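**Q** So the sequence lines, in the order shown, correspond to chains R and G. For the first sequence, counting from 1, position 192 maps to 191 in numbering that gives the first Met the number 0; every step adds exactly one. For the second sequence, counting from 1, position 11 maps to 10 in numbering that gives the first Met the number 0; every step adds exactly one.
To be clear, the hints were calculated from the coordinates, so they are not data collected in a lab. Nothing here was measured: the structure is a model prediction, and the numbers come from that model. One or more of the hints may lead you astray.
[Claimed, not checked] So the derived list for chain G, only partly shown, Cβ under 8 Å to chain R, looks like this:
1) Ser-33
2) Val-37
3) Ile-220
[To be verified] Computed cross-link-like contacts, EDC-like style, restricted to lysine to aspartate or glutamate with a CA-CA straight-line distance of at most 20 Å:
4) R:Lys-128 with R:Asp-68
5) R:Lys-54 with R:Glu-126
6) R:Lys-70 with G:Glu-160
7) G:Lys-174 with R:Glu-134
8) R:Lys-114 with R:Asp-82
9) R:Lys-101 with R:Glu-28
10) R:Lys-101 with G:Glu-77
11) R:Lys-201 with R:Asp-30
12) R:Lys-101 with R:Asp-111
13) R:Lys-70 with R:Asp-30
14) R:Lys-114 with R:Asp-30
15) R:Lys-70 with R:Glu-175
16) R:Lys-101 with G:Glu-160
17) G:Lys-12 with G:Glu-87
18) R:Lys-128 with R:Asp-65
19) R:Lys-182 with R:Asp-82
20) R:Lys-54 with G:Asp-88
21) R:Lys-54 with R:Asp-21
22) R:Lys-70 with R:Asp-82
23) G:Lys-217 with R:Asp-21
24) G:Lys-217 with R:Asp-120
All C-beta atoms in this analysis are idealised placements derived from N, C-alpha and C, irrespective of residue type, glycine included.
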Amino acid sequence: MATLFEMNALSASYGTNIILQDVSFRVMENDFIGVIGPNGGGKTTLLRVILGLLKPLNGTLVFNSDLIDNKSIGYLPQISTGDVNYPVTVTDIVLSGLMIRKGIITRMSSSDRQKADIVMDELGLSEMKNSPMNELSGGQMQRVFLGRAIIGDPRLLLLDEPGNFVDTTFENDFYEKLRELNKRMAILMVSHDVGTISAHIKSFACVNRTLHYHPSHEITNDDLLAYGCPIQLITHGVVPHTVLKMH
Amino acid sequence: METNIFEYEFIIKGLLGAIFASITAGIAGTYIVSRRMVFLSGGITHASFGGIGIGYFAGINPVIGAAVFGIMSALGVEYLSVRQKIREDSAIGILWAFGMAIGIIFIYLTPGYTPNLMSYLFGSILTVSNSDIIALGVMSIILILYFGIFYRTILYISFDEVYARTYSSYVDIFKYFTTSLIALTIVLNIRMAGVILVLSLLTIPPNIAMIFTRVYFKIVIWSVISGFFGTATGYIISYFAGIPVGATIIFTLVIIWVIVKGINHLINILTNK
């Protein structure tokens, strides 16, 4: 597996307010990383640095130029950024994911539209392709924005708090869709909702000014014994758990 | 014969004015209604009255003064709200009254009688000069070309500015430039409908259009059509009834909106049952 990008001792700040400090982090092809941590801990800032929206203060961010450039990143922002009452159709929004490869003067070609049709079909949006956004449910809107993020066939997909606007009936569908997409792109998913993060996530990055990376299935019985007792958490029911190492 | 030629010119002027006003107001209006900039546009309109006053005082064309004031206040509010140094609605509210105050002070200081003042406040086709019509015509062409060429870029920046920033470094340039064009459009249409009424010329047609469609370019087209219909009808009514043209146009547009909305509502009720 090849590396997509690597951060080395990277720091980032807004003005004098240092948000990320000394972050070293590597993302490989086909990674599915859950980025977790408290609000204000720097999760979104991490995405902004990767997207090139925020210049690092110190340190480096190096992309593997054989596989990825800054145009092959798909991004699903938090829902609040788009005005859902804006008069724009589902097809138009999905097509806007291609703007990254186009100039300011642009027409969408018939092959662009075919591409949008394929993506909308894949995400179950074909029936509402000409609908305005305000006729859609929360789950449908989320799939539209996901369509926008993946229409350009990105190598890396950044998801910022997708749990914010998922309605629970769509949640399983959505994470199942992500698992399929993960076969062809690496995924970095930000969530403050550590409790219900998807089971498809392969590894975790805890961000709270610094970044601590947890490879998957890292907790062994020996680790558990280090706490002085074999069990620290008891829950009822069938909810699967992922337990991360202390740091 | 003299009267006929005069009437002929008057009708042509009115017709061209109606066409260009509905094109410019339809394009600019769809943009401000979609982006929820109606209040900002109100601020721009009233701030530009300051420019009209200074224009009178300095003896230059008041439209030029209004254009400078309009564009500067538009850019000022966009800039301040981006920097978040002041709440946008407060900034607009201050600007709104400040522009009017400057306008009134300078018109008061201007020696002699200022005959066209009422026409700037309420609009009058009688005072619309040929150069005003030409300016509106040029503005129509500029707006059609600008929105035609950059349609997707403008649409996507308006819809989701944060996302647009992830792929484009031109977001601010487009925002400022488009807002400047909107300010200019408003100022040029002040001659038609006046400072107090011009905003309705921009906002009512898109709202009529949005009863039928939620697709951006279709809203533009329906705005222009309904705007022209309302403007021309209002113009004719005002001519025969001898009442102020700006007010008649706005009155006609509102009536159209109410009728269309009512019919649409009726159809919805009938088809649902």
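**Q** Of all the hints numbered above, which does this structure not satisfy? Sort the numbers upward.
**A** 2, 3, 4, 5, 7, 8, 9, 10, 14, 15, 17, 18, 19, 20, 22, 23, 24
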